[in-house]
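K.L.:
Residue-level listing of the chains:
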Amino acid sequence: MRYESPQTVEAAAALLAGEEGLARVLAGGTDLLVQMRSGMVEPDLIVDVKNIPSMTSIVEENGGYRIGAAVPSAEMNEHKGLCALWPGVMEGADLIGSTQVQGRATMIGNLCNCGPAADSVPGMVAANAIATIVGPNGRRDVPVIDIPVAPGKSTLTKGELVESVFLPARPKRAGDAYLRFIPRTEMDIAVVGVGVSLELDGDGVCTHARVGLGAVAIKVLLVEDAAKALIGTKVDDAALEKVAAATSAACKPIDDKRGTIEFRTKVAGVLATRAAKIALERANARASNGGEK
Amino acid sequence: MSGIHVSTKINGDAVEYVCDVEETLLDVLRDKLGMTGSKEGCASGDCGACSVTVDGRLTCSCLMLGAEAQGREIGTIEGIAKGTELHPVQQKILDNAALQCGVCTPGFVVAAKALLEKKPDPTETEVRYWLAGNLCRCTGYDKIIRAVMDAAAEMRGN
Amino acid sequence: MARNPDADNAPVKKEIESPTSKYDAEKASSFKVVGSRPARPDGMDKVTGRARFGADMVMPGQLVGLILRSPHPHAVIKSIDSSEAEALSGVKAVVTRDDFAPNDDHADVLYNIMAREKALYEGHAVAAVAATSRPVARKALKLIKIDYDILPHVTDVDEAMSPNAPVLHDDIITKGVNPAPTKPSNVVARSEFGHGDIDAGFAQADEIIERSFKTAATHQGYIEPHACVANVGADGMSELWCCTQGHFHVRQVCASLLGIDVSRLRVTASEIGGGFGGKTTVFIEPVALALSRKAGRPVKIAMTRDEVFKASGPTASSSMNVKIGVTKDGRITAGYGEFRYQGGAFAGAPADFGAMSAFACYALDNVKTEAYDVVTNRPKGAAYRAPGAPMSVYAVESVVDELAARIGMDPIDLRLKNAAKEGARSSYGPKFGSCGLVETLEAAKAHPHYSASLGPNQGRGIASGFWFNFGGETCSNLNINADGTVTIAVGTPDIGGSRASMCIMAAEELGIPYDKVRAIVADTSALGYNDTTEGSRVTFSSGMAVIKASQQAVTEMCKRAAMMWDIPAEAVTWEDGCAKPSGPNAGDFEPLSLAEIAATAGKTGGPIAGHHEYNADGAGVSFGTHIVDTEVDPETGKVDIIRYTVIQDAGKAIHPDYVEGQFQGGAAQGIGWALNEEYIYGDDGKLQNAGFLDYRMPVASDLPMIDTVIVEVPNPGHPYGVRGVGETGIVPPLAAIANGVSAAAGVRMTELPMSPPRVLKAIDDAKVAAE
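Chains as they are written, first to last, in the working numbering: chain X, 1 to 293; chain L, 1 to 158; chain E, 1 to 771.
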């Protein structure tokens, strides 16, 4: 087993591409180290990306933010601008594990681990976050929704790694929220997770919506029918009822130690309406705040 | 398996060691450096008994490779009391009988100290959520939470 | 009492009428140190990280020991080939079943620590290696080849009792059934308790409720995994360092399994990072000793958390039926319960304790309980805080709650009307001595919590509970040091602050300040045999031994003072830490303090010490009543604990902080058991949640503050009135919470844990049924 700590993302990609055995990127390490300890994976090469400047910084870009892949969740959640612009995405990341885990875990590690229950992903999907991937053939931008395929499986090819994620600028009256269901108050993996992002016009009519749904299929889903149920409405009770139905209908869950099919399907709808209400409140609050970050 | 040479700082002291890639910082602290105050309760980041700070940020030493400590500043339970003078969190844990078996106590001390440095006047709910990653099976948390709130008050000068 | 299935402690050793000692009311009326809350002697080490727990010991030349475990829940082990592992560089020893001779005294323990003809559960130890490093040891485990013949398995208690179930042991023929079965089964034993005529009792009832209940297996969940370091010398002289609740028991079992004299094995109890009954037996210790003997070097074994869940003792899961009849005015006319517990792959599920304690809170004319101890392909159960009682009491207290609602009576009033009290015959046999159930119920009724208003979707539950408590074999030493300080050696590992209580009792008896006394847990070579820290026995039994040892030292100090004054010893009394002349002919002398007597002890006859050895009896039962407010989210089934109050009889709280701590800890564990904790098995017979992540113990943000009320009805069998308090606290919560959740959700919950999917389904099913 080798450990490398390159200084540039290109060098990291070259190391990953050049390894004949199993290579793993080490960002926060909160998944990788547990997998190694349990004997689930035995990498031949570990590439620590925490010494790469472009991967450890949060940069403002076109009114949005670019977040490096090795930025821990605790650091993101201390960033006032990010928390004001995309509070739902931030709360998704903030729900991963304990305070201790927050000090290490990264949102992009959460994404690339490809767990269907990854807390930060439904919010990013709802936000239509764009991941920048670097590999042997250079850079490419890909919507976050297109990265996970199945548990532990992504669309990244050999030698590729995600360098950063971009969260775009938002209009004045916009808000997002993420809610998950867990049996305790903390420390569990999501049984269902729903991220909702809304944009409203001056009359409070929803003009744009995206709903991301986690832990109910082999990967995080984008629920277009739930978004359609919101667009053109004032996010009233009738619309929310449709959102619940559409979200529940999109579920393709399994029975496992964390929840039943029946439970997940029902609670997905409940959480979608609750998250939509919070997103609505945030959009209105932000608008009355003059769209300030 | 070739060793990795690491230069780091632990509780303010320069420390060098050679570790294997798969060794965690917790393994290094306990097995290589004889610093057994950090405990292994789960090795998966679920119990917080191995809590340390890395460049001032609270983390689980079981979730970090020993190799990653290169150039960082690590703080452990062994560095919290200054000689015989306990940190207020330690003293209040003693005063409140906020421990029974005591195996989780070092992790709670490290985590609570990190909280109070960031947030000197936390609510009970904030203390509970901050410490949600520190499992205690003996106390039901009641006395621990009281101890942290007492320590916060004392540190604020109340 | 927390009982080892492999220990021979009968639940009630003697009649309550013959306690070892008697309550000293005069002494108790003028306590100076007892009841105070000083800092514990080991506290400084524990807040600074200096305290050494099981895994913190290092011996020179120490090797790493790892255990290979069966991936199958039930399989014949046809062969084990460890030759490749043994040949690996750095491997110093491999042990398997062939390294342990058969042992009639501890057959099940032996089978459990190293599988013999079969692997009986996923995680069952099948081989172990000692190597120079962990990576080498890990590699060696992979090189051990085991040929398994996989057998069908069973993990559910009711399925295990069915005639078609796979049978684990050919030699289990159900005991307690007449006529005796002719074929082996998984039912180890049936036992029955009670008195009166339940049929006649039910005939008198106006209302009868009968229900079935299930509870999942839970783990003690101590934060410190089992760990030990063993060192066997070439001459067989051995030392063992381990985290255990009972190092004398560890010594006895290990010496027997290793075939060595007890005197050749010295066991030191490390600081212990929680036990709750789970560290009353051995798992890794004999294996480490066997590896060390073979390797000729010290060997450390520390379990991983995964191993703790898969291979150390959870408690039983249960399936139960309870039927209770009551008159309209609230008199319970009859109670019946059948309690089926599985305790893993070996005999010893605490079904008998469950059956005995189920109705213990009630003085009944007609009561009958039946218990079934059943084996399944799960890890061998170990004691867990009041073993067996929380489940059976959950079932009984749920039905009592429902009956109270049925007849429109306050649930505390119904309990008060039928409460067990002094002189009443208990449902398990003996008559109760002085006890405090009524006092806890009255305190509950008077508590502001009980009359506080509730919000929407909230429900209040109450329940009472009971535990026997235990005394047992005990031996303590006390030394008066030349500088006037005192050192106590006890043989019961301190799991929750008991050293502080020992110091308090010695200081009280000697009349000196608390900080002049220091207590240690002595190793097995330094003290006579002590039963394990279990059964809520330490403050009672070791405490009484310390009191008696103090009294012996006082007698000796009076003798020395008499010698110094040249008066008869009878003319000296002990008061406020000093010898004083007393009586008409004693003469006029200035009192001699303990320190003054100690300073000249060399000239008056040598060192001054006290000791006491006995088999403690008269432990005194402890009752408790809990009040809990729960809130249920009707859309998700999630339960929040809003408010919690524990009221329990402590007899006398020696160090109230640690009594409160026991109450709070018991309640918190009960909350976990009631709401989310469970052993989840797949169809493959494998444990699916062998980690803290999915086992879901309560975290700090899950719980409110837990209020406590210490009721003190003195135990007549202890000079200070002490009753054990450690276990009763986990008995009421399951029922109290179930009653609260049932009230909040509007539907009776009959299965634990009340995890959100289960609660939501119950709510939805009830809605459908109502429509």
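Just so you know, not all the hints are guaranteed correct.
Within a straight-line C-alpha distance of at most 25 Å, the following computed DMTMM-like cross-link-like pairs (lysine to aspartate or glutamate) qualify [to be verified]:
1) Lys257(X) with Asp657(E)
2) Lys580(E) with Glu596(E)
3) Lys32(L) with Asp44(X)
4) Lys32(E) with Asp764(E)
5) Lys761(E) with Glu61(X)
6) Lys118(L) with Glu73(L)
Simulated coverage check for chain L against chain X, where a stretch passes if three residues somewhere in it have a Cβ under 8 Å from a Cβ of chain X [claimed, not checked]:
7) 21–33
8) 40–50
9) 76–88
10) 146–152
Honestly, the hints are just simulated from the structure, not real lab data.
Quantities reported herein were computed from a predicted structural model and do not represent experimental measurements.
For each residue, glycine too, the CB sits at the ideal point set by N, CA and C.
K.L.:
Indicate, hint by hint, whether the structure satisfies it.
P.N.:
How the hints compare with the structure:
1. Of the pairs offered as hints, the one joining Lys257(X) and Asp657(E) is violated, with about 38 Å between alpha carbons and a cut-off of 25 Å exceeded.
2. Note on Lys580(E) and Glu596(E): the hinted pairing holds, with a Cα-Cα distance of about 12 Å set against a maximum of 25 Å.
3. At most 25 Å may separate the alpha-carbon atoms for a hinted pair to count; Lys32(L) and Asp44(X) meet this at roughly 23 Å.
4. Only pairs whose Cα atoms come within 25 Å are accepted, and Lys32(E) paired with Asp764(E) is rejected, the gap being roughly 58 Å.
5. A C-alpha spacing of about 48 Å is found between Lys761(E) and Glu61(X), which places the hinted pair above 25 Å, so the restraint is violated.
6. Pair hint Lys118(L) plus Glu73(L) holds up; C-alpha atoms about 18 Å apart against a cutoff of 25 Å.
7. By the rule of at least three residues with a Cβ nearer than 8 Å to a Cβ of chain X, the coverage given for the stretch 21–33 of chain L holds, with 3 such residues.
8. For the stretch 40–50 of chain L, the stated coverage by chain X is satisfied: 5 residues place a CB nearer than 8 Å to a CB of that chain, which reaches the threshold of 3.
9. Counting residues of the stretch 76–88 of chain L whose C-beta sits closer than 8 Å to any C-beta of chain X gives 0, which falls short of three, so the coverage hint is violated.
10. Coverage of a stretch by a chain is defined here by at least three residues with a beta carbon nearer than 8 Å to that chain's beta carbons; for the stretch 146–152 of chain L and chain X the count is 0, and the condition is violated.
Hints 1, 4, 5, 9, 10 from the list above are not met by this structure, while the remaining hints are.
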